Amino acid sequence: MNPDLFEGGVRLWDAGLRAVWQQYTAAGESLREQGRALAGQTPASVIYAEGRARVLHYHPLVEPPHPVPLLCIPSMINRYYVMDLTPERSLVRFLLRQGIDVYMLDWGTATPVDRYRTLDEAIAGMLRRVVGAIRRASGQPAVSLLGYCMGGMMAAVYSALFPQDVAALVNLAGPINYHDDGIYSVWTRPEWFDADRLVDTLGNIPANVLNTTFHLVRPTDQLIQALNYWERRDDPAFLRTFAALHLWLNDPTPFPGEIFRKYVKALYQQNQLILGQFRIGERRIDLGTVAAPALTIAARRDHIAPWGSVAVLHDLIASQDKELIVLESGHIGMVVGSDAHAKLWPRLAGWLAARSGGDSSSPPT
Amino acid sequence: MRDPFAESLRASLEAWERQAAAYWDSLIRSPDVLRRVSRQANLTLDTYRRITQTLESAGLPGPAPQQDGARALYLLERIAHQLDDLAARIADLESRLDEP
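Protein chains in written order, with my numbering: chain A, 1 to 365; chain B, 1001 to 1100.
Derived by calculation from the structure, the hints in this document are not laboratory data.
No experiment lies behind these values; they were computed from the predicted model shown.
Glycine residues also receive a C-beta, built at the ideal position from the N, C-alpha and C atoms.
Wrong hints could be hidden among the right ones.
[Unchecked claim] Partial selection, computed: residues in chain B whose CB lies under 10 Å from chain A:
no.	residue
1	R1018
2	T1052
3	T1054
4	E1056
5	S1057
6	A1058
7	G1059
8	Q1082
9	D1085
10	R1089
11	A1091
[To be verified] Listed next, with one range per pair, are the computed distances between beta-carbon atoms:
no.	chain 1	residue 1	chain 2	residue 2	range
12	B	A1021	A	H179	21 to 27 Å
13	B	L1027	A	T111	56 to 62 Å
14	A	A19	B	P1061	43 to 49 Å
15	A	F6	B	Q1053	39 to 45 Å
16	A	P219	B	D1003	22 to 28 Å
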């Protein structure tokens, strides 16, 4: 290691960073407690449950909402409430205010039973039953899908499998091309990553292993977070968002073993989706058959799903009505950042409203 | 009012963090480093598996004995969900047939 870099770190530590870090770590449990009181608080009813998963239907804030319902599909390994972080920083609440009828898939916490659940069953089985439940609850023949991160990939695959179910598709930072320069693409290369050995030994990938992995991508970012906290620890508005995000960042759920195996081997290692070789059950997934209206949203500073690996969906699909948005933010900032709130959410809500039936020119009254 | 100490600390920390992150990023992408980490991780996993097998063969509680039960539970859950779904679809069809 460069000795100047090491000595620079020691100097910063002695110059005050130590006190900042100590205050930040001492506040950890209190922050998470505050976060728990704020995150995922938008009123909702559970309309469907399956295993550890459940589907929330948020109570409309505009009556009647647009007819076509929206299903939000988060990643399986991070909590759904990133899209409903705090009352004032909630994508869900924003969409409700624009008259969108919002449903959320909460994957829940994987248990040893879920170790055997497959990606094929999750998409062609469970997700199909979830969409069926929403169709019955709403009385609509098709549902719009908004997938975030891994959920974006699942929404795109679902749209290819069951086009009649999908009114519109939004891919929010869901990777499609897995052979990119992203760190997870590098880490999971078959030369050094043995997914079989990991799953055969551990079953589900434990949440603490995932959490350590996330933090290892840029561990020094924790120091910046500590300073952000220390500088604004007396600012209640800042603390609310900070506490909820702090909770979310430290609250992953185990990755079901068989789903992890296929996700890594078929997608990260063999890049089957972009090559047209990816299969769900007996069916080969051809994203070129997706014809639903589609919005693809990528972020230039996304380290988890590099923007090019997300944006490629826009070129692959056959939709006549399609749009690509590339933001100047990161993977999480694009969902919860103040810039997203000011710029992305209104565009997203407008795009959805125009494709959700009813009066698309303004929120229903 | 701005705190000069905090401003100075932020400027220094941000500059240092950018350098440290760039160094770290090159390290965690290095094939040599990744191969070494992989070897260590595989050794750890193999050791874990041997301990589990030893516990199991000695009749002591370990994670492995629960696996068969978990798999059976998973399959039962899956069948139950498929049946529920089928029932909902049939109810849906019946209500459509009842429509004038």
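To see whether the hints hold, each was checked on the structure:
The restraint placing R1018/B at the interface with chain A holds, with a minimum CB-CB distance near 9 Å, inside the 10 Å limit. Restraint check, T1052/B versus chain A: the minimum CB separation of about 8 Å is within 10 Å; hint holds. Because the beta carbon of T1054/B sits about 14 Å from the nearest beta carbon in chain A, more than 10 Å, this interface hint is broken. The interface hint given for E1056/B is broken, as the beta carbon of that residue sits about 13 Å from the closest beta carbon of chain A, more than 10 Å.
A cut of 10 Å between beta carbons decides the hint on S1057/B: the least distance to chain A is about 17 Å, and the hint is violated. Restraint check, A1058/B versus chain A: the minimum CB separation of about 19 Å is more than 10 Å; hint violated. For G1059/B, the interface hint is violated, since its Cβ never comes within 10 Å of a Cβ in chain A; the closest pair sits about 20 Å apart. Taking 10 Å as the C-beta contact cut-off toward chain A, the hint placing Q1082/B at the interface holds, the least distance being around 7 Å.
Here the hint on D1085/B is kept, as its CB sits about 5 Å from the closest CB of chain A, short of 10 Å. Annotation: R1089/B was flagged as interfacial toward chain A, and the flag holds, the nearest CB pair being 7 Å apart, inside 10 Å. Look at A1091/B: its Cβ gets to within about 9 Å of chain A, closer than 10 Å, so that hint holds up. Taking 21 to 27 Å as the suggested C-beta distance range, the pair A1021/B and H179/A conforms, at roughly 24 Å.
A hinted range of 56 to 62 Å is violated for the C-beta pair L1027/B and T111/A, which are about 36 Å apart. Hint check: A19/A to P1061/B, Cβ distance near 45 Å, so the stated range 43 to 49 Å holds. At roughly 43 Å, the beta carbons of F6/A and Q1053/B sit within the given window of 39 to 45 Å. A hinted range of 22 to 28 Å holds for the C-beta pair P219/A and D1003/B, which are about 26 Å apart.
Checked against the numbered hints given earlier, this structure breaks hints 3, 4, 5, 6, 7 and 13; the rest are met.
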